[in-house]
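The hints should help you fit chain B onto chain A, whose structure is shown.
Chains as they are written, first to last, in our numbering: chain A, 1 to 551; chain B, 552 to 846.
If you're looking for bench data, these hints aren't it; they were derived computationally from the structure. Keep in mind that a hint or two might mislead.
[To be verified] Below 25 Å or equal to it, Euclidean Cα-Cα: the simulated SDA-like pairs (lysine to any residue) are:
1) 660(B) with 126(A)
2) 613(B) with 16(A)
3) 193(A) with 664(B)
4) 127(A) with 667(B)
5) 194(A) with 768(B)
6) 660(B) with 191(A)
7) 660(B) with 521(A)
8) 184(A) with 658(B)
9) 194(A) with 811(B)
10) 751(B) with 7(A)
11) 751(B) with 15(A)
12) 194(A) with 658(B)
13) 194(A) with 655(B)
14) 127(A) with 658(B)
15) 776(B) with 811(B)
16) 194(A) with 727(B)
17) 724(B) with 128(A)
18) 751(B) with 193(A)
Treat the numbers as computed from the prediction; the structure is a model and nothing was measured.
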Amino acid sequence: MNKGLIWFGPISVVAFVLILAVMYGLVGNIGDLGPSGEQPEMNFVHNVQTFPSGVGDVQNGQIQLINKPSFPTGIGNGQIQLIKQNNSFPAGIGNDQIQLIKQNQIQTPYLGINIGEVPEAVARELKIPVGTGVYVKSIITESPSEKAGIKTGDIVLRFDHQPITSHEQIGRTLKTKKAGDVVKLVINRNGKKKSFHVKLESVPADIVPAAAALKKPSWMGADIQDIDAVIRMQFKLPNKDGVIISYVTPNSPAETAGLKVGDVIERFGGTRIRDVKQMRDLILGSQSGQQAMLTVFRNGETLSLPVIMGQQVATKETIPFLGPADMAIEGTWIGMDVTELLPEDASALGLPPSTKGILVNDVESPPATMIGFQTGDVIIAINSIPTPDMKGFVKATEKQSSAVVDLLRGNRHIFMSVPPPGYTQQGSKINNVIDNKVKQVAVTTQVNGIIAISSESPDLNAAIPQDINQSPYLILVDLNKNSYATVSMNGGNSLSNIVGQYNITSLICGNIPVQTANNLSSNGVFIYSGIVGTANDAISLYESGSLTAAR
Amino acid sequence: MKYAACKKCAESVGMVNIMGNILMILIKGYMGVVGRSKGLIADAIHSSADLLATIIMIIGMKISENESDERYPYGYGKAEYIVAILIYIFLFVIGVYIVYEGAISIIYKHIVNPCLTAAWGAFFSIAINELMFRQSVCAGTQINSPSMVAKAWESRSDVYSSIAVLIGILGSKMGFHFMDPLAAIIVGVIIIKICIEMIKDSVLNLMDKAPDDEILDMVNKSLEKITSISGIKNIFGREVGRYYEFQIDLYVEPNITVSQGEIIKREVKQVLSNTIERQLVIKVRLLTEKKGESE
Numbered sequence: 001m002n003k004g005l006i007w008f009g010p011i012s013v014v015a016f017v018l019i020l021a022v023m024y025g026l027v028g029n030i031g032d033l034g035p036s037g038e039q040p041e042m043n044f045v046h047n048v049q050t051f052p053s054g055v056g057d058v059q060n061g062q063i064q065l066i067n068k069p070s071f072p073t074g075i076g077n078g079q080i081q082l083i084k085q086n087n088s089f090p091a092g093i094g095n096d097q098i099q100l101i102k103q104n105q106i107q108t109p110y111l112g113i114n115i116g117e118v119p120e121a122v123a124r125e126l127k128i129p130v131g132t133g134v135y136v137k138s139i140i141t142e143s144p145s146e147k148a149g150i151k152t153g154d155i156v157l158r159f160d161h162q163p164i165t166s167h168e169q170i171g172r173t174l175k176t177k178k179a180g181d182v183v184k185l186v187i188n189r190n191g192k193k194k195s196f197h198v199k200l201e202s203v204p205a206d207i208v209p210a211a212a213a214l215k216k217p218s219w220m221g222a223d224i225q226d227i228d229a230v231i232r233m234q235f236k237l238p239n240k241d242g243v244i245i246s247y248v249t250p251n252s253p254a255e256t257a258g259l260k261v262g263d264v265i266e267r268f269g270g271t272r273i274r275d276v277k278q279m280r281d282l283i284l285g286s287q288s289g290q291q292a293m294l295t296v297f298r299n300g301e302t303l304s305l306p307v308i309m310g311q312q313v314a315t316k317e318t319i320p321f322l323g324p325a326d327m328a329i330e331g332t333w334i335g336m337d338v339t340e341l342l343p344e345d346a347s348a349l350g351l352p353p354s355t356k357g358i359l360v361n362d363v364e365s366p367p368a369t370m371i372g373f374q375t376g377d378v379i380i381a382i383n384s385i386p387t388p389d390m391k392g393f394v395k396a397t398e399k400q401s402s403a404v405v406d407l408l409r410g411n412r413h414i415f416m417s418v419p420p421p422g423y424t425q426q427g428s429k430i431n432n433v434i435d436n437k438v439k440q441v442a443v444t445t446q447v448n449g450i451i452a453i454s455s456e457s458p459d460l461n462a463a464i465p466q467d468i469n470q471s472p473y474l475i476l477v478d479l480n481k482n483s484y485a486t487v488s489m490n491g492g493n494s495l496s497n498i499v500g501q502y503n504i505t506s507l508i509c510g511n512i513p514v515q516t517a518n519n520l521s522s523n524g525v526f527i528y529s530g531i532v533g534t535a536n537d538a539i540s541l542y543e544s545g546s547l548t549a550a551r
Numbered sequence: 552m553k554y555a556a557c558k559k560c561a562e563s564v565g566m567v568n569i570m571g572n573i574l575m576i577l578i579k580g581y582m583g584v585v586g587r588s589k590g591l592i593a594d595a596i597h598s599s600a601d602l603l604a605t606i607i608m609i610i611g612m613k614i615s616e617n618e619s620d621e622r623y624p625y626g627y628g629k630a631e632y633i634v635a636i637l638i639y640i641f642l643f644v645i646g647v648y649i650v651y652e653g654a655i656s657i658i659y660k661h662i663v664n665p666c667l668t669a670a671w672g673a674f675f676s677i678a679i680n681e682l683m684f685r686q687s688v689c690a691g692t693q694i695n696s697p698s699m700v701a702k703a704w705e706s707r708s709d710v711y712s713s714i715a716v717l718i719g720i721l722g723s724k725m726g727f728h729f730m731d732p733l734a735a736i737i738v739g740v741i742i743i744k745i746c747i748e749m750i751k752d753s754v755l756n757l758m759d760k761a762p763d764d765e766i767l768d769m770v771n772k773s774l775e776k777i778t779s780i781s782g783i784k785n786i787f788g789r790e791v792g793r794y795y796e797f798q799i800d801l802y803v804e805p806n807i808t809v810s811q812g813e814i815i816k817r818e819v820k821q822v823l824s825n826t827i828e829r830q831l832v833i834k835v836r837l838l839t840e841k842k843g844e845s846e
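So here's chain A without its partners, still in its complex pose (with noise of 0.2 Å):
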């Protein structure tokens, strides 16, 4: 036992020595590592500045090259193949430029790097002066530069024995050269210059995959949205983090993993989710393959659930068109004629024929445009309540002041938040001078109604209806006693007997039928008719002069 441990000392002090020894042969190469190491994040702030906002999807490629028609040639020859194979690239953008440049490239020898500027932080660390070099962003697998030894974060200096400034002198000095030439090319690694000699080659023939595996953009396949103050409340969420998954599309990595619609994703690996756009950006910024822990949280649950980024495959896009509704059950709600979905209907959005719900075919007042319905969306349910017909939707519809809208559009899911009367979709109230100015009083004061306003709901910000016979609620204002009551249209209450009951002089409305008009006219009232808008919007235009009365 005693012998044991005497040998036990030296063996672990030997054994620490050599940890050491090791780390001090690494220790000068930590430094080393710095750009290097950096170089992925750099390569992603790269992107997001080249992306403009919402082109995720696109590659990076496409971008640089609609931004700069001056692209050089024979720098990263595989994407400019890879967006003439992408079919869903869209038709008339510069597709001629795309073949020029390609014919170029047939006797342009192929060096099979991506290059771009040297970042800011680099360029310091390493001490190079602003405006020399250009910077490896990547290098195609396989290239003449991989076979020669250079290294993505490697800065060229020295191109042919011509020192370089940008990255248009590269490939102007590669068009005078053949496959088979040897070219010595000076880097600066991680502040150490180095020289290598690379043979170029013709481009070969498998670099379009080669390509498009190094640019593809990583996907998971969830579709995801902010979460609003609605769409917290529907769900019963404890706050506003993190986003919501409205849709999951079928054989996608984020169906793989389990995930599920109503998922709210709080964190990605370690990092808190503040909105979708970050999402996307560190979807974007992962590895295809690379598996990512995401935090979730399901029915007051939360899970944690790893996901291995996957490529997209191509989705057909779908164009949307709408035939004739004339056979469907029309029906309206917040401002938007809706009808039942009809196959063909289905058929046209792209969507399977045997899809249930009601199609959106007309979006004319507010709150429905001010919420962003937009005409071919198919409401599928509403409060999770399922919408397959127009008696389940009006019964969906009938007792909610505010609700969660699961829509298809194109072949997303989307929630659609609808705030109550008079809230905003982020749940503030929406100030409006005159519910400050107007206070509402009980019917049976001496309300000497001058205006009288059609409404959805007894609310100053629920909209007119555009008929006013379909209206259920007239609002009545005295604008002298800054005051509003509201009486309601239903159980025989006619038009006529309100105007005359309340002493009515004025009438802000939708559609008005002639005959009521010329009878409402005849007796002394002024018709205001083909307003749009919410009660409050008319009493603004009322109050400025710029309604006109109809004769």
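Below, chain B without anything else, positioned relative to chain A:
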């Protein structure tokens, strides 16, 4: 002795040194790696070399305590030297590597940019070394042990390498990036020097080198005081582990009895163990001036 506690303090010196060294190695190793300082890592290796020397000494003691057996009738004392040679060859290689790497870093202008953590590491090392030195000197003086004081002064040189490292780190921080590797090279050279010395000592001991002349002189002088000896033929000595082994051939009067001879032998052993501090194994042969021997 000034205080009673001094004895206890002196007894703890060895343990404190070992513990202090271990602590320093850990601190310097960790901070060197975290703080990216070549010099500090090299210094940690240097401290490891010191620690190994102490450990080897302890092992040597333990081993030489083992009884000799049939296979090794002379005991296991020399195993210590073999272990020492192996370990110091290893450290020698490491030292060369340190120098080589440091030189490469300087020649190729690697950017070695240690952070202040490393400077703290060097600072702690200096502080701990200084404290240990003070304890050794104080205790050594109090219990009147010149060897302890001498050893303390010897180990004080360790501080210099730490100071060099600290300067190197601060210099690197100021932008002279070659200074940290330079400090590492200096430490590496020190390590190589230690290794060469230790290997040399071990090899010589393995070859049964005679003890230092001072010790032989001391033996000679003390033997001269014994009147019953008529002359000294030769004194062979060697170091085995922590023992000195002496083979002493003495001339005596030819007509003494065996029991008188035994008394002389005992006297010689007694005198020598009084003069030399280390443990001794003494074999005495008594010879007559002309011929014949008694054993």
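*asked:* Hint by hint, where does the structure go against what was stated? Just the numbers, ascending.
replied: Of the numbered hints, 5, 7, 9, 18 do not hold.
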